[in-house]
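S.K.: Take a look at the letters that make up each chain.
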Amino acid sequence: MKFRVERDALADAVAWAARSLPLRPSVPVLAGLLVETGDAGLVLSGFDYETSTRVTIPAEVVDEGRALVSGRLLADISRSLPAKPVEMATDGAKVSLTCGSARFSLQTMPVEDYPALPDMPTASGTVRSDVFAAAVGQAVTAAGRDDMLPVLTGVRVEIDGSHLALMATDRYRLSLRELEWSPSLGDFTATALVPAKVLADTAKSLTAGGDVTIALSSTGTGEGIIGFEGQTAGGTRSTTTRLLDGEFPKVRALFPSESATVARVDTPTLVEAVKRVALVAERNTPVRLSFSKGQVTLEAGSGDEAQASESVEADVDGDDIAIGFNPGYLLDGLGAIDAPVAHLAFTQATRPAALAGAGDLGAEPTLDFRYLLMPVRLQG
Amino acid sequence: MTDTPILHIDMDAFFASVSIRHRPELRDVPVVVGAGGRGVVLSATYPARACGVRSGMPMRRALRLCPRAVVVSPDSLGVQSVSSAVMETFRSVTPLVRALSIDEAFLDVSGAARRFGSPEQIGEQLRARIADEQGITCSVGVAPITTVAKIASELAKPDGLLVVRPDEVLGFLHPLPIETLWGVGKKTAARLHRLELVTVADLAHTPVSTLQHALGPVAGAHLHRLAWGAGSHTVTPRASIQEPERTMGHQETFGRDTDDPILIRRELLRLSTRVAARMRRGGVVGRVVVITVRFSDFRTITRSRTLRETTDLAADIYAAAAELFSVLRPRARIRLVGVRVSGLVAAARAPRQLVLGARDPGWFEAERAVDQATLRFGSTVVRPAALIGSRRP
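Residue numbers (this note's numbering), protein chains in the order written: chain Z, 1 to 380; chain H, 1 to 393.
Keep in mind the hints are simulated off the structure, nothing from the lab. Don't take every hint at face value.
Said to hold, decoys possible - Counterexamples of contact, computed for chain H against chain Z with all Cβ distances above 12 Å:
1. R23
2. R27
3. L170
4. G183
5. K186
6. G216
7. P217
8. R225
9. T310
10. Q353
11. P384
To be verified - Covered stretches of chain Z (in silico footprint by chain H; criterion: 3 or more residues with CB under 8 Å from a CB of chain H, positions within the stretch not fixed):
12. 34 to 46
13. 363 to 376
Claimed, not checked - Have a look at the derived ranges for each label pair, beta carbon to beta carbon:
14. Z:D146 / H:A385: 23 to 31 Å
15. Z:D146 / H:T234: 51 to 59 Å
16. Z:L73 / H:R333: 40 to 48 Å
Ideal Cβ positions, reconstructed from N, Cα and C, are used throughout, including at glycine.
Looking at chain H on its own, in the form it has when it is part of the complex (with noise of 0.2 Å):
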């Protein structure tokens, strides 16, 4: 058994490595990708950053900063294969590969030792074999948990490794400026300089409560475990970005038989706002509702819609819920509903047709703003009328 089984692998600066992998002549020149003229930078390699040049800078900005830097087109198609590829190279060492985004993933190789090594010698072996197949760098971080795994192939950046070994992690951690933990941004980080916290063991050594004061019960009570080095120990599989997990869903078992329709709906209700919520956080919109009904016989059914364009709101998932439910008209009492989306598609290729008329901000951004407000207060702050004070069933 190993201590250290997480392996956070990155790419290092994915598009423009995979942009010249074919002209080796600009390894060592800086190199910036992006239609040139008024687009913005998609990537830039090492020595463009140097250069201060980052991504999603203007392209004019960009070449004032670098103005050697070359400037060349993205290789969309070469990106994608090359990031099928690095997956499958992943896949080869464990099954437990989950892709975060098109060149990111964690691994678990807790069960490969035996055949390849510790996960020190796994993560040499993979960025050998990804240069060698691929022609393009990348960086892991050898951690117990996904959170510091993911810090630690960051500052392995570029071509590197590093491991944390258990009683590393905080003398790892605590030394860090905060903005290096998983999901602090620059108004988290603002947030919490004002409160004069600069580094992880800054955070580590506030009350929990001040940091939720700060920002908010769930997100506060979430940093602070965070800065004493909680994570998760374990790797759920995910092909890749573009093939999401396939369908989300929620049921629930009354706590007595029922044939009342306001329970029933507004159970359906719940479980539509619980998967819709689900939806937006793993970033995926579907297009088919389905309910599932089980009588006080046990006997089950599922009932479905296809609606006509893609959502992720627990509006059109409670319309088309509800729908199905009383299009169903049971006549038995109901042990158990379920409401679940399928044909889920990463919301990033799913363009959304507009609305007539639709109030501007409407339900996108109401069901958004409370996602927000769940992550700061719970998930009780913001709920539809018809589930406030209604007790779970």
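Chain Z extracted, bound-state conformation (with noise of 0.2 Å):
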């Protein structure tokens, strides 16, 4: 194997691809890169069982062949080149590295060793990468990350038609995003649960290029994997990853149906006192908002600690209500609905409060992005 790459596109591939390689790996050959260089030009490939990811490149091919190597070492090492093209070929039981006049020779694995890649499905629509990765930031805002509930770290992907939804829960807030794409085949339907911390990666590492690859299964045979595909300038990027088991919870029907009150508030003012009035509020303890007539209250802290207090302008329809939130989640909410003023409408105190985001405070709500989330009852 030998070959000659830009330094850019190089650190870039290999960045890219030495991503998921795990930090301890449970056999020693899956913290290896795998480099092969063929027709497409190089090919750097990682997987650690559950994620897999391959990216392709342009580069000038001497000999074809394949190496693998140190993932991590190599990222090190391309990362802090000069800006020279570089070289690498196989040298007996190395891999050497040639960059102006900077030398690197390194270990290689047995390639025999190396487990079979898992192959893409076969592609099943496309969306815009931007969009894309916009709309799986706001899913993943809810997404659950403790392990005892495995099926709450991921996210689920809903597709029918040209339409695609994608939610995330945690028991105690709820996201849901719907967007539409382009299905390869105009009545495809599929659902999967994907890891969200994978989805959140890929989806933001793809936003180079101008559209993603969706790939995946529609039927539940099998170990179901999902696939995405990317170009960016300097080439091809996929991943596939393994989709979580479980039965997602039915979380739409979540979603109240009617409010007692609404309340549309500019989003960055909110987000401000929030902040301000949550700095007293001690861990797991909410916020208080009482929304009454023209206004928003927000209190925190106790009579034994310190307390905080500040009114925001608020644009209020119905009952007065005042409710509590923890504060982290509040704000992940208005965070994630992405929109100058935030529509919020309520029930009850005990009963969930739906986010959405709004142009402009005469507007409706754009109902592509909802939040839902649970307060924390009040003591007394």
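The two chains are supplied separately, each in an independent frame; assemble them into the complex guided by the hints.
M.R.: Right, here's the structure in full:
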């Protein structure tokens, strides 16, 4: 194996492919990055039995071949190289890397021991990469991180024709993002439970190109995987990850169909006020929001500790309501709606509140992203 | 040795007294503490109580009963610091102080006689010091046992002290209305009144079986014992209700070392159920679940897990304990398992994050209902199905 490649293209590709490598691999070869040359140019692959990454970039291939080297070490080296063309070649049991006058010699691991990467499922459709990344970013806000409830560490993906829905919940809040995409077949339907962290990382890392291809087997037979592929200036990047097992809770029905109180508040103002008032809220204690005509008053803290309060102008329709929220969950939701005006709908102080974004104070909320937040029961 | 070592000390109209302690002009006028308007009465001074004002009553109603009452807003900061100072004063006399709430405590002064005198003298000294240092009054009950001391302080109010000697206990208790007994609320009293039981003497002379029939086996027997002057002769110290016991747990040694995962899980469930019930009784919640496993060679390990939210539910504690155990994959036989919850805080200070889509009523209410049933019928009446029919190991 021998090839020459641009330094920046190599550094980007290695950094991306090495992302999924395990820190403490169960078998040593999994710490490796597979370097292959062929007709397509240079292909780098990583795999940890859950998630695979593969990146293809143009390279001047002198000899075809492949080698398995430490992914982390190659990432560190390629990141630090001078801005000169890079040449890599197998040299007996080692791989040599030359860039300008810098030379490295890397140990290789036996390629025969490296597991075969799963095949990419058939492409199911495409979506604009920036739209997808933003949507995933909103959806994962509510995903759980507790490995005692593995189902909730996933994002539920529901595809129904040109309609794509992403939802996540950690039992305390719920996010639901709906968007349009372009399926390969008009009547394609599928559901999948994708690990939230992998989905978020992947969506973010594929924003450089125009479209992301999503590949999902529509039947639930065997071990399900989902694949994502995107083009970047430097080449093609693809990832597959194993789907989570288990029944995702039926969450759509949790959104209340009507509300007793609706408030519209300038989002940045409310965010700033919540952050300020929450300074005195001890761990796991709520920020209390009292909505009345024309305003919302925020309070936190208790009599024996520090206390804070602040009022913010709000457009309030319906009954007065006082309700408590974990300030972190509330701020997550206000951040995720990504809109100048926050539209909050309540039924009771012990029932979930629905958050959505609106363009301005008079506008109807946009319902492509909705966030449902369960309150904290106020004392006394 | 003294025969009346237990003191129950209760601040008089605590919130109200603290709120007006720097305003002597309000000392003899009716004062009601609370946020005005639509709020409720947090506390009222004795002149206001004389007009019928009670804590928890709507402010409007209080002012209708006592139109010349002065309304002051609560001094929450003061209440907390006065409470700590008072508890500290108690501890200067004896380390055996158990705070029951922010404004009352049990003291065991059996070891303090040589330095401070008789329990009665100690009670008077403490009353004088608290009046002096904090500007508020308190009442003291002195008795051989906790239950009687608590009733005595109530009868001594306001600003008094009452001693009940061992040979006076029954004579003291029996003429009292049954509502005075600790733990007899409106509902229990109503049930007893239906049996035409009015005084503690009536209760004492009713067959236990009749009381058990009316109130359940546990509560019935308990009240009957109280009516005959049962109660604790000792006091377990607790600094304040804000600093409850920091950890609660149980452990169980198997009759024979075992590696049967079903048996072990069942024991973890039983222990979780007991810990949770004890936490609820103590009014605490916690976030850290710890399991202890001792192997047949006495090697002992612990594993812990921090929950996202505080809990006092067996369902949550067991889920974490079972998860900790399953990760352990023990190879050796097991001699003992334990379940403990640490990082306890007072439940009243721990807000409860509600869960999306949870059944309402759900586990929170179900486990509390079990507590009620247990109080009435004993601890085996409602159990997880997995524990039915299993003999203790």
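S.K.: So which of the earlier hints does this model not fit?
M.R.: 9, 10, 12 and 15
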